[in-house]
Structures are given as structure tokens and as C-alpha cells.
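Engineer: Sequence:
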Amino acid sequence: PAPAPAPGGVTQPLPTTSLYVGDLEANVTDSQLYELFSQAGQVVSVRVCRDVTSRRSLGYAYVNYSSPMDAARAMEALNFAPLNNKPIRVMYSNRDPSSRRSGSANIFIKNLDKTIDNKTLHDTFSAFGAILSCKVAMDDIGQSKGFGFVQYEKEESAQSAMKSLNGMLINDKPVYVGPFLRKQERDNSFDKAKFNNVFVKNLSESTTKDDLVKVFSEYGTITSAVVMIGMDGKSRCFGFVNFESPDDAARAVEELNGKKINDKEWYVGRAQKKSEREMDLKRRFEQSMKDAADKYQGQNLYLKNLDDGITDDQLRELFSNFGKITSCKVISCFAIILLLFV
DNA sequence: GATGAGCGA
Numbered sequence: 001p002a003p004a005p006a007p008g009g010v011t012q013p014l015p016t017t018s019l020y021v022g023d024l025e026a027n028v029t030d031s032q033l034y035e036l037f038s039q040a041g042q043v044v045s046v047r048v049c050r051d052v053t054s055r056r057s058l059g060y061a062y063v064n065y066s067s068p069m070d071a072a073r074a075m076e077a078l079n080f081a082p083l084n085n086k087p088i089r090v091m092y093s094n095r096d097p098s099s100r101r102s103g104s105a106n107i108f109i110k111n112l113d114k115t116i117d118n119k120t121l122h123d124t125f126s127a128f129g130a131i132l133s134c135k136v137a138m139d140d141i142g143q144s145k146g147f148g149f150v151q152y153e154k155e156e157s158a159q160s161a162m163k164s165l166n167g168m169l170i171n172d173k174p175v176y177v178g179p180f181l182r183k184q185e186r187d188n189s190f191d192k193a194k195f196n197n198v199f200v201k202n203l204s205e206s207t208t209k210d211d212l213v214k215v216f217s218e219y220g221t222i223t224s225a226v227v228m229i230g231m232d233g234k235s236r237c238f239g240f241v242n243f244e245s246p247d248d249a250a251r252a253v254e255e256l257n258g259k260k261i262n263d264k265e266w267y268v269g270r271a272q273k274k275s276e277r278e279m280d281l282k283r284r285f286e287q288s289m290k291d292a293a294d295k296y297q298g299q300n301l302y303l304k305n306l307d308d309g310i311t312d313d314q315l316r317e318l319f320s321n322f323g324k325i326t327s328c329k330v331i332s333c334f335a336i337i338l339l340l341f342v
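Okay, so the first sequence: first residue is 1 according to the UniProt record's numbering, each after it adds one.
No lab work stands behind these hints: they were computed from the structure.
Keep in mind it's a predicted model, so treat the numbers as computed, not measured.
One or more of the hints may lead you astray.
As the list claims (entries may be wrong) - Simulated restraints, written as ranges between beta carbons of each label pair:
hint, residue 1, residue 2, range
1, Arg186, Thr223, 44 to 52 Å
2, Glu185, Glu35, 21 to 29 Å
3, Glu185, Thr223, 55 to 63 Å
Stated by the list, open to error - No farther apart than 30 Å at their CA atoms in a straight line, the calculated lysine-lysine pairs in the DSS-like style are these:
hint, residue 1, residue 2
4, Lys86, Lys154
5, Lys135, Lys209
6, Lys145, Lys86
7, Lys209, Lys183
8, Lys173, Lys163
9, Lys260, Lys194
10, Lys110, Lys194
11, Lys234, Lys201
12, Lys135, Lys173
Just so it is clear, CB atoms sit at the ideal spot from N, CA and C, and this is done for glycine as well.
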């Protein structure tokens with residue numbers, strides 16, 4: 001039996017004769033495990049852990065040897081061996097849950113070639129230090145999903161694996177190797193993502209670049225500011241302000257968004273990258289196409305690839321000879337208008 | 001494109 005967690009955060013040496021066997025298929029039995037693990041040496045005991053009342057398998061087991069050599073041999077030989085067609089995962093038993101909880105030295109790998117299996121992943125990543133646990137994510141028929149996980153014993157192994165392998169070609173595919181993050185942590189880090197460039201819209205037509213500079217420089221040093229101007233030379237009533245410091249940009253957004261200036265309620269937010277903006281526009285466009293198709297099937301025309309400066313009125317005039325127009329709207333200056341004929 | 005599961009008698 002493994003020792004209980006040591007008090008006071010003292011690190012216990014790993015017990016070298018007790019193995020934890022995880023990822024068990026639900027029907028795997030003690031005797032199957034006994035038979036398999038006996039190949040590596042004299043097994044002292046085997047137990048599939050089960051729910052106390054339902055007796056259903058919890059999907060993991062312990063296998064104990066008397067000789068550390070046998071246990072080591074079993075780890076090496078039987079890790080990822082299939083039982084009931086599912087690869088088992090073998091590690092030393094460690095009853096101290098702290099490293100599991102902290103998730104330290106845990107890395108994530110994606111864009112893996114589908115031919116890379118558990119063993120290959122293990123062999124590739126064990127060059128950087130001792131691995132506690134490793135696996136390729138598989139679908140229900142045992143095909144690689146193209147990503148996987150490695151948890152090292154030591155943080156420095158994880159760091160050097162990330163540094164050395166991120167972006168490297170494995171079987172001709174450049175792999176991503178980065179820290180493992182739970183979904184929530186990923187979402188949070190996106191929220192806190194730093195930005196310098198601020199987008200401001202709903203400006204009054206008379207608001208100039210100098211006005212923007214005046215207002216925004218309250219919050220920090222500005223490296224550039226612009227009010228976007230249409231073909232007609234008039235303000236398009238939006239602009240961008242770039243800050244030297246992301247903290248200042250965040251503060252400006254925080255304090256200026258929704259503020260009334262010259263009778264206009266400004267929208268102030270993080271400026272989207274071009275790709276983000278295009279995605280957004282595309283989504284909105286597809287939605288408005290759907291809505292319009294539902295409402296006015298057969299009566300509307302769609303135009304795309306319009307010049308930025310085209311207005312509702314210009315289009316209405318252009319199409320007016322062909323019938324009565326009930327509505328004519330440029331949905332986004334970048335792509336689309338929708339015309340409705342009766 | 002993708003971010004598991006996980007420690008007993």
C-alpha cells in the first residue's frame with residue numbers, strides 16, 4: 001500500500017511497487033488485469049476500484065508488486081496496452097493529490113499527425129524528462145483526434161519540451177506545444193488579452209482627430225488617432241485611438257464607453273483585428289440574408305462588393321426605374337445592400 | 001480545430 005500524503009507539504013518519494021492503472025474500459029476485471037500484469041513479474045495484488053453501492057467500475061485500478069524492478073518493467077511494457085480494445089494508462093500510484101490538483105508541468109499538444117499514437121508521443125516527449133502521464137485523445141473507434149497531453153514530473157521538463165518542440169515538424173506537421181489550460185482559464189485569458197488600439201463610434205459629424213486626442217489623452221500617451229473619412233470628405237463618425245500602454249487603453253474603454261459627448265453617446269471598445277471584424281460582419285450578413293429571405297422571398301435583390309462610400313439614397317436612385325422600391329438599405333458599408341421590390 | 005483524468009484496502 002502507498003503511504004498517505006505527508007503532512008506539511010513534505011514531498012514523499014513515489015512508492016515504487018504500486019501502480020495506478022487508469023482509462024479502463026468499464027467491464028475490465030481484476031482477473032484480466034492480474035493476467036496481463038503477471039507478464040511483468042510476480043503480482044502481489046490487483047484491484048479494480050468500484051462504486052461502493054452500485055459496484056460499477058470507477059475506471060481505474062491498483063496493481064501491486066513486491067519488486068520495484070517488476071513494477072518498472074510493467075510500466076514500460078504495459079502502458080497503453082489495450083484491454084477490451086481500450087488502451088490502459090499506467091503510472092506510479094501517488095496518493096498525494098497535490099500535483100494532480102495544481103496541474104503543474106502539464107502540457108497540451110495539437111496538430112498531431114493521426115498516425116502518432118500513445119507510445120510515439122511518450123517516446124518523443126520523454127526526451128525532456130520523466131513523464132507522469134501521457135496520452136493521445138482518441139475517438140470511440142480508436143482513431144487519434146490529433147491532440148494530446150503530457151504531464152511531466154518536473155516543471156522544467158515541461159518548459160524545455162514547450163521551448164524545443166513547439167512549431168517543430170513531426171511527421172511533416174508543425175505541432176503546437178503549450179501549457180495545458182482548462183476551458184475556463186482559456187476564456188479568462190482571452191478576456192484579459194491586452195490591446196492597445198481602441199475603436200470609437202457614434203461620433204458627431206464635427207468631431208475631429210484633435211477632439212479625440214484631447215479626450216483620450218486624459219488616460220495615457222496616445223501613439224496615433226484617426227477619424228475615418230468617407231469619399232464625400234465627411235466624417236464616417238468612427239475612429240481609432242492607439243495607446244502606448246494597454247492598461248491605459250483598457251482604462252479609456254472602461255471610462256469612456258457610453259459617455260455622452262456633444263449629444264452623442266460614444267461607443268468605445270477594443271478595436272477588432274481585421275479578421276475578427278470580417279468574421280463578425282460575415283455572421284451578421286448571413287443572418288440578415290436569412291431574415292430577408294424568410295420575409296420577402298422572391299421580391300428582393302442582393303448586391304455585394306459595393307464601394308465603401310455608396311449610400312442608401314444613391315442605390316435607391318440607381319434602381320428606381322425598374323419598379324417600386326419598398327426598402328433599400330446598405331447593411332454593411334463593406335459588402336452588402338438589400339433592395340426590396342414589390 | 002482541438003486543452004483528460006486522476007489514487008484504495
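Engineer: State for each hint whether it applies.
Structural biologist: Hint check results:
no. : hint                         : verdict
1   : Arg186 to Thr223: 44 to 52 Å : violated (30 Å)
2   : Glu185 to Glu35: 21 to 29 Å  : violated (41 Å)
3   : Glu185 to Thr223: 55 to 63 Å : violated (31 Å)
4   : Lys86 to Lys154              : holds (28 Å)
5   : Lys135 to Lys209             : violated (55 Å)
6   : Lys145 to Lys86              : holds (15 Å)
7   : Lys209 to Lys183             : violated (40 Å)
8   : Lys173 to Lys163             : holds (17 Å)
9   : Lys260 to Lys194             : holds (26 Å)
10  : Lys110 to Lys194             : holds (24 Å)
11  : Lys234 to Lys201             : holds (14 Å)
12  : Lys135 to Lys173             : holds (18 Å)
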